[in-house]
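**Q** Sequence:
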Amino acid sequence: MTVITVNTPQGRLSLEQRRTLAETLTDAVLVPEVGQFAPAARAGFQVHFVEREPDMMAIGGRLLADSGAVLDVMVIDVAVMDGDWRREVRAEVIERVLTALAEACGLPAPSPAWWVNFRVIDEGSWGSGGGALSILTLLGSGVFTEEKAKAIRTAMGA
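Just so we're aligned: 73 in this note's numbering is position 73 of the sequence shown, and the numbers increase by one with no gaps anywhere.
Calculated from the structure, these hints are not laboratory results. These figures come from a predicted structure and were not determined experimentally. It cannot be assumed that every hint is accurate.
Claimed, not checked - With a straight-line cut-off of 20 Å between C-alpha atoms, the simulated DMTMM-like cross-links for lysine to aspartate or glutamate are:
# : residue 1 : residue 2
1 : K148      : E123
2 : K148      : D27
3 : K150      : E51
4 : K148      : D82
Please model the entire structure based on the sequences and the hints provided.
**A** Right under this line is the structure:
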């Protein structure tokens, strides 16, 4: 399970941009997580869009509503199950998320006021459907490459 939460000022993203991002942000994390593009794995991903009024966000100690400037602020939180999340894999996800955002927004590069937080939820600390989940039980689903499944088992000590 992966949850991507996109926090923006009210009205920053259009409906069409959110439609695009629902897919591209999912794939930005999915490919590094399972080792390949696997549409069947998309069911385990959620993207949440949270909009906040300008008086509910601040930069540099000043509310956006009081700044007088139009600031392109976003915070994207990526929460993933424990697995093969070496530093280079996390960096790849962050770069892919920022690229997907820039493309969906029609910008040549991500704004420096866009921040991505990457969080790994420890094994046994994520639940759904009445119980705790484990990445290890998902390895036989057919969406992970053999190489990625091996890397996850190694990282998990299994």
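**Q** Taking 20 Å as the top limit, are the C-alpha atoms of K148 and E123 close enough?
**A** Judged against 20 Å, a Cα distance of about 17 Å means the pair holds.
**Q** Does K148 pair with D82 here, judged by a C-alpha cut-off of 20 Å?
**A** Holds: K148 and D82 sit about 13 Å apart, inside 20 Å.
**Q** Straight-line Cα separation of K150 and E51 no greater than 20 Å?
**A** Since the Cα atoms of K150 and E51 sit roughly 39 Å apart, the hinted pair is violated (cutoff 20 Å).
**Q** Between K148 and D27, is the straight-line Cα distance small enough, at 20 Å or below?
**A** Given pair K148, D27 holds - Cα atoms ~16 Å apart, limit 20 Å.
Going through the hint list in order, the structure does not satisfy hint 3, though it satisfies all others.
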